[in-house]
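Chains as they are written, first to last, in this note's numbering: chain A, 1 to 447; chain B, 1 to 447.
Honestly, the hints are just simulated from the structure, not real lab data. Since the structure is predicted, the reported quantities are computational estimates derived from the model, not experimental observations. Treat the hints with care, since some could be wrong.
No distinction is drawn between identical chains; accordingly, a pair holds when it is met within one copy or between any pair of copies.
What the hints assert, rightly or not - Dumping the calculated SDA-like pairs for lysine to any residue here, alpha-carbon to alpha-carbon at most 20 angstroms:
1. Lys176 with Lys253
2. Lys186 with Arg440
3. Lys327 with Gln354
4. Lys225 with Ala171
5. Lys357 with Gly385
6. Lys230 with Ala328
7. Lys327 with His26
8. Lys176 with Pro27
9. Lys176 with Thr66
10. Lys176 with Ser304
Number of protein chains: 2
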Amino acid sequence: METAKRHMHLNLFLMNTGHHEASWRHPDTSPRRITELDYYCEIGRIAERGKLDSLFLADTYVLPVTVRHKVLHGLEPFTLLAAIAAVTSRIGLIGTASTTYNDPFHIARKFASLDHISGGRTGWNIVTTASESAAYNFGDRALPDHAQRYRRADEFVEVVKALWDSWEDGALVADKDSGVYADMDKIHPLAHKGAFFSVQGPLNVPRAPQGQPVLVQAGSSEDGKSFAAKVAEAVFTAQNDYRSGQAFYRDMKDRANRCGRSPDELRVLPGLYTVVGDTEAEAKELERELGELTVPAFGLQRLSTLFKVDLTGYPLDAPVPLELLPKADEINGNRGRYELIENMARREKLTIGQLIKRTAGSRGHAAAVGTPAQIADEMERWFKGEAADGFNLMPSHMPGGLADFVDKVIPELQNRGLFRSEYEGYTLRDHYGLPRPAGRGREGVRL
Amino acid sequence: METAKRHMHLNLFLMNTGHHEASWRHPDTSPRRITELDYYCEIGRIAERGKLDSLFLADTYVLPVTVRHKVLHGLEPFTLLAAIAAVTSRIGLIGTASTTYNDPFHIARKFASLDHISGGRTGWNIVTTASESAAYNFGDRALPDHAQRYRRADEFVEVVKALWDSWEDGALVADKDSGVYADMDKIHPLAHKGAFFSVQGPLNVPRAPQGQPVLVQAGSSEDGKSFAAKVAEAVFTAQNDYRSGQAFYRDMKDRANRCGRSPDELRVLPGLYTVVGDTEAEAKELERELGELTVPAFGLQRLSTLFKVDLTGYPLDAPVPLELLPKADEINGNRGRYELIENMARREKLTIGQLIKRTAGSRGHAAAVGTPAQIADEMERWFKGEAADGFNLMPSHMPGGLADFVDKVIPELQNRGLFRSEYEGYTLRDHYGLPRPAGRGREGVRL
C-alpha cells in the first residue's frame, strides 16, 4: 500500500505518432511505423528508461471515419502488449477491452495469460464501447444504451474477477513423484448464471502473478463514475483545468469511500498533453507548428462526430453553433468529453476553427506547453493540490516528444522527490502501490 | 508456388513439456515453466535454429478434467504467439481459434495484428470446438451439432477473409504533404448480412503483410475434410500408419482438386511423434521410461473422455469393452481421433492398460522411435510415398526432445536434400511456398 510519502504515477498513453492530431504530419514522426513492432519496442524502451508506471493502449472496434486524415491506432491491444512484454522487463502494460462486445471467459483468460507472459505487469482498461458504428461489426443490433452497457459491465467484471480467482495460489503442484499436476481442491468452478452471462469455469490458466491484473476505468458519466468507484484501481480522466481536476479527484475519492474502499485503492490519473521545449518559446513554436499541420476537413469531421451535428459545410470562422448541439444527456458514449468541449466553446465563445486548433493537441485534456521546469511545476501543483495522483501522459508527438519528456521532465520530477528514480518492484501493482488480491476459496467464486 | 523439387514442411506442435502425456514427470522437463515466457522463447530459438516452418499452438476453451495428472497447455495463443514473435525473426506462428465461440471481427483483427507484429509469419488453425464442456463457458446452451458448427465455420471464415481484404495494399498512404493518411477508395465496407453474422467492416487494421494469414485446418470428419479441401492451405492430421497416411493424402488432394484448387495449394501434414536416441536401444529405453511414468488414473480418464464411456472403475488388464463404445457417427467432436483409437483397440485386441501405454506418447499419431537415420528414413518414406508434404512434429519431451530432433534429425534430412538448410523467405507463406493472395477491390469483399 501507499507509504506515508505520496509518489506520482505516470502512464504513457501509447497513441500512434503522438497525441496531437497532426503529429503524423510532423517531420519528426514516422506514421508508417505504427504497424511495426520495432516502433513500439523503441517507445517501450524509452518509457522504461523514464521509469514510467505503464504503457496504456486505448482501443476501439471500428475504423474511424476520420482515417482519411488521421493516423490509426494501428494494432490490437492483446497482441501488441504481449509483444512489448517480451522486449521490456518492468513497465506495466494496460490494455483496453470492451465488456459490450466480448465474452468474460476470453477476456479473463487473455489478461491472465498476458500477466504470466509479462511477469505480472498487466492492467485492464474496462470500456463499454462508445461508438455507435462499432455495434455493426458485431451483429445488426444498435449499441445498447448507456445504462444497459454499464449493467452488463458490472456483471462482466465480477465474472472475470471470479475466473481469475478460480485457481487459488498453489493450485499448480507439478509434483513429479506423486504424478499430481494440479490440486483440484484449489481449482473452483463458478457455475455462474446471471442476467447477462452463464459461465461455468474454472479458467484454464493458472492464477496470474498479480492474482488479478489491475482494473482501470475511464468513464466520466454518472454511471461511469459509480462503476469506477466500485471496481477501478486507477481512473483515467480528461480534466482541462486544475479546479475541475480537484473537483473530480475529490468526487472519485468520496465515491470510493462510500463504496467502503480506502481512497488509496483508487488512483486518479488525468490525461496530460505535453509539449516540451528547452525554452518556453521553443515549446510554443512547436505547438504552433503542429497547429499549422492540422487538416481543417478532419477537424470539422472530428467535431461533427463529437457533437453529433454535421459541421462539415461550415466555414472555419463561423461561431460554434451551440444552439444546434444536443443536450449532454442525449449523448450515448463519450459523454464526458462532449460536455468538456462544448463547455469550452460556450465559455470562450470560440469559432469552429479556433475550437479545432484548441483541441487538436490536448483534445480536452490538461495541457502543459513549456520548459521541463514549467511542466514539472504544473504537474507538482496538480499532484500536491490533490487534483491528481499522477498523470496519463500524452506527448505531442512520438517518439521524440516522449524522449524529451523522459530525458528532461522526469529528472526534474525526480529531483523534486516526486517520482521514482528506480523501479522498486516488478509488477504493475508494485508500481501503483496496490495490494495483491487474496484468493477467496471455493465458495468465494460463487457470485 | 512449389518449384519442381518438393521440400518437406515441418511444424513444431508447441505442446507444453512434450507430446508424451507423462513428459512432465520426466527428470529432463520443467512443468512449472509452461506459464513462463522464457520457456517458449527457448523453444522458439531451438525451432528457428532447425529452420522449422512454424510453431503450432493448439487450444481449447475449457480446463480439461484431466488436469489433476496432466500438464496444461498453459497460455492463450494470441498473447503467447505475439510474445514469441517479438523474440524470433523467421519462424511461422500458427494459432488456434474457434469459429464457434468467437466473433469474426475480433479474430480477423487479432490475426492481422499478429501478422504485422511478426512481419508476416502467422497462420490460423481453424477449429469448431469439440469439447461439450467448453460450451458452458460461453452461455447455457449445449455445443451446437457438428454440421451446424461447420456451417457457421464456413461463413465465419468467409467474413474473416473479406475483412482481411477490406484494406487493399497501398491503402495506407501517410502522405505528410497532402495530409492524406488513408486512401478511402482502397478501404471497403463488407455490409455482410448472413445466416450467422452481420458484419459491417472494414477492419481497423491495415492489410496484413501476408495479405491473408495462412489458413490451417485439422478436421478429419467428413464435414471437416470438405471444409479443409475448400479453405485450408495446410491440413494437420493424425494418421497412425503409412497406408492410411497415403489414403488421407490422396483423398485431400482429390478433394482440393474437386474444389477447383491446385493440389499444391494444400499441404498435408500428419502429426509425427518422435523419440530420438543415438542408438535404437537408447530411444526405446526413453520411450519405456516415459511409459513407466504414465498415471493409470489419468489414462483411464483420457480414454473415458474419448470414448464417452466411464472406464475409471475398470482394471487395466481387462480388454477394451468395445461393445460399450458408441458408434462413430454419434461422436460430436474429435470424431477422427475416436475412430482411429477405437480401430487400434479392435484390430490389436488390446487391454485397457495396453491401449493407454500405446497412445500415451503418440496419441494416435504416427510414431518414430529410433536413431536420427531411422527417423529420417520413416519421414522420407512418407514424404516420397505421398503420404505427407511434411510433418507436424511432436517431440516426446521438450525442450530436450526438440533439441535432439533439431540437432540430429534435421541435419540428416538436410543431407538428403529433403529440408531447407536456410530460410529462403521471411513469411509463413514463403516457407510453405504459398502465393500471397491478391486483393479483390470494393465489390470483391461483398460476400
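Status of each hint after checking the structure:
no.: 1; hint: Lys176 with Lys253; verdict: neither (49 angstroms within a copy, 44 angstroms between copies)
no.: 2; hint: Lys186 with Arg440; verdict: within (10 angstroms within a copy, 52 angstroms between copies)
no.: 3; hint: Lys327 with Gln354; verdict: neither (22 angstroms within a copy, 74 angstroms between copies)
no.: 4; hint: Lys225 with Ala171; verdict: neither (36 angstroms within a copy, 39 angstroms between copies)
no.: 5; hint: Lys357 with Gly385; verdict: neither (29 angstroms within a copy, 70 angstroms between copies)
no.: 6; hint: Lys230 with Ala328; verdict: neither (24 angstroms within a copy, 51 angstroms between copies)
no.: 7; hint: Lys327 with His26; verdict: neither (36 angstroms within a copy, 68 angstroms between copies)
no.: 8; hint: Lys176 with Pro27; verdict: between (59 angstroms within a copy, 8 angstroms between copies)
no.: 9; hint: Lys176 with Thr66; verdict: between (57 angstroms within a copy, 16 angstroms between copies)
no.: 10; hint: Lys176 with Ser304; verdict: neither (63 angstroms within a copy, 24 angstroms between copies)
When the structure is compared with the earlier hints, violations turn up for hints 1, 3, 4, 5, 6, 7, 10 and for no others.
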